[in-house]
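Please build the complex by placing chain B on the supplied structure of chain A, with the hints as guidance.
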Amino acid sequence: MAISAVSATTLREAPPPRRQRLLEDERWLAFVLLVPTIVLLGMFIAYPFIRGILLSVTNSRVGMPGDFVGLANFYKIFNDGIFRTSVYNTFVYTGVTTVFKLALGLWLAMLLNRNFRGKAFTRAFILLPFIIPTVLSTFAWKWMFDPTFSVLNWLLYHFGLITGRINWLGDPDLAMISIIIVNIWRGVPFFAISLLAGLQTISPELNEAAAIDGAKPWQRFWHITWPLLLPVTMVVVLFSVIQTFADFQIVYVMTGGGPANATHLFATYAYQIGIGTGLLSEGAAISLAMFPVLFLVVIIQLLYIRRVEVR
Amino acid sequence: MGQVVLKGINKFYESVHAVKDVNLQIRDKEFVVFVGPSGCGKTTTLRMIAGLEAISSGDISIDGNVINALAPMDRDIAMVFQNYALYPHMSVYDNMAFGLKMRKFERPEIEKRVREAADILGIGELLKRKPRQLSGGQRQRVALGRAIVRHPRVFLFDEPLSNLDAKLRVQMRVELKKLHLRLGTTAIYVTHDQVEAMTLGDRVVVMKEGVVQQVGEPLELYNQPANKFVAGFIGSPAMNFAAVTVTEADGSLIAENSGLRIKLPDEIAQRLRGHIGREVILGVRPEDLTVVGSADLDHPCFDAVIEVVEQLGSEILLDMKVGESIMVASVEPTARVRVADKLRVAMRRSRLHVFDAQTEAAI
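In the order they appear, the protein sequences are chains A and B.
Oh and the first sequence: position 109 is 148 in the numbering used here, straight run, nothing missing.
Oh and the second sequence: position 121 is 150 in the numbering used here, straight run, nothing missing.
This is chain A alone, in the form it adopts within the complex (with noise of 0.2 Å):
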């Protein structure tokens, strides 16, 4: 690049006007084209999160400033039986759609590696999930879910399986069962096409090794598919999780964090009591509080992408 701007210059016999030479200084044009991006950072990331932070520590509601009231806010949520059960909610519900993500994503990639008829069509057709906008396809889950017009209920019913109805989102453990389910429905295909991505590095000659020197389908599997994709495992669990941890549609849609807050979520209980009830600064405080975890995956991601980096 420096050769043709080099050599741009020295064709031209006027020398260049005053702007233009500015721009051939590297700092000035690392600066000029960093601003957009620091503009764009600043306004929707770096301002939303201090004003949330400044927000939490005041006791504003809607219409109302506030004054400064120190870590009250987090001491009354702390006290909070509703905020205990969100953060214990959040907690299973993103280790439980995970461990169940990975399993059955890795599973269908292992599937999907393989060589068959429509491979192409299957390929692009699992990703469906991921690709309709989640509040449309929560809906279509809800109403699978609905006690009187579940089509859930009457298959089971029908295969003789159930006597009765199952309130599915009104009662406590279903509806979270039922909000863990569509996230893994959910989230499946982007664990698959991920990890399929991941699979396609390894070449296969290595499998084939592997198999005369004497290791069975499992062992190939043990020994050489899951070291050589781990680092990509670990990079799309990682990402899953802080999605996951922050979740906000599903919940909001299946059940509002009802039945009687049972299956409330950091996001959602935040929304609820900081939007809903309009306590801007207690809200603040309970989507802060999300901040220690997920700061602390990306760091351990962070690091860990550092390590496979410098192997």
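Heads up, simulated DSBU-like pairs for lysine-lysine below, C-alpha to C-alpha not over 35 Å straight-line: (1) B:Lys371 - B:Lys350; (2) A:Lys255 - B:Lys206; (3) A:Lys255 - B:Lys49; (4) A:Lys255 - B:Lys207; (5) B:Lys58 - A:Lys255; (6) B:Lys141 - B:Lys130; (7) B:Lys207 - B:Lys141; (8) A:Lys158 - B:Lys49; (9) B:Lys350 - B:Lys196; (10) B:Lys133 - A:Lys255; (11) B:Lys159 - B:Lys130; (12) B:Lys196 - B:Lys237; (13) B:Lys159 - B:Lys141; (14) B:Lys157 - B:Lys207; (15) B:Lys58 - B:Lys36; (16) B:Lys157 - B:Lys196; (17) B:Lys58 - B:Lys133; (18) B:Lys237 - B:Lys206; (19) B:Lys36 - A:Lys255; (20) B:Lys237 - A:Lys158; (21) A:Lys255 - A:Lys158; (22) B:Lys159 - A:Lys255; (23) B:Lys237 - B:Lys350; (24) B:Lys350 - B:Lys292; (25) B:Lys130 - A:Lys255; (26) B:Lys206 - B:Lys157; (27) B:Lys206 - B:Lys159; (28) B:Lys36 - B:Lys206; (29) B:Lys141 - A:Lys255; (30) B:Lys207 - B:Lys58; (31) B:Lys237 - B:Lys36; (32) A:Lys255 - B:Lys157.
It is worth saying that the hints were derived from the structure and are not from the lab.
On a predicted model such as this, the values are computed, not experimentally measured, just so you know.
For chain B alone, coordinates are given in the frame of chain A:
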């Protein structure tokens, strides 16, 4: 023991007939090389022996037992891949030990065998390294080591030297030969490089489009090629070919085309009695062409004009125009020749080859 027999082996990929009726007996301790241009079915044949590719029809047996249905690991073979196929996350030691661990060998035995193989290959210092920390030549040795430790009945090599640079390739070629002499294990080796095939093989199998063209010792292929393809494939620079018409004059046979008119020596003339009036292909290797001062009575001669002179140091290659076609001659480095020189060139009569114009088989 390691005697491999291929009987009527065929391979179909949907509509493609990749390997056609291959029959071959490989003796114990023999080094057999499959050679041919890419897509000739040599690698597919090797992979069928390894068990990585299903056999469409025919039988493969090792030491008398048909192994068609056996999994690769039950065939007691070891394979060296073109891209080495080293396990990138394992150390050199673990790469070599993997096969033994999978076969549940005792630790001390594994250790002993790995050390032994590492010593043979001169990679004892590298056992703790990961494959990515090794050079191409070192990786190649590790791949060999992984095959050696198993003490298999048959080694299979799939173009193992093609990823190395020219100098290293020559060096590893020699080492492979030594290794085979030392271990004496039956080896089946696939390559597209005819020099590798000639230097390594006890016997060479030349393949083209899924069909075995000729099986024989290297010099046999060189001196008595079964057809035009083998004649052109084996030897560098390649054999010269000229399409000529056979005619009879004064009781002797004449081969001629637009730039060439030679009297055929008796031994060839006898074989061509049935081809009078027909077209045949004459073949002669560059080193069997010599520049002569005047008409040479013993050998058939023709006139040529030099188009290109290639100085190789040990020899000079002359690209000559003979009528409408080009022929290459390899002459002594001391020869004084220049572009556009007109020459009289003689063919060593005992080294002439003739091929049928239609079937391309040697006559």
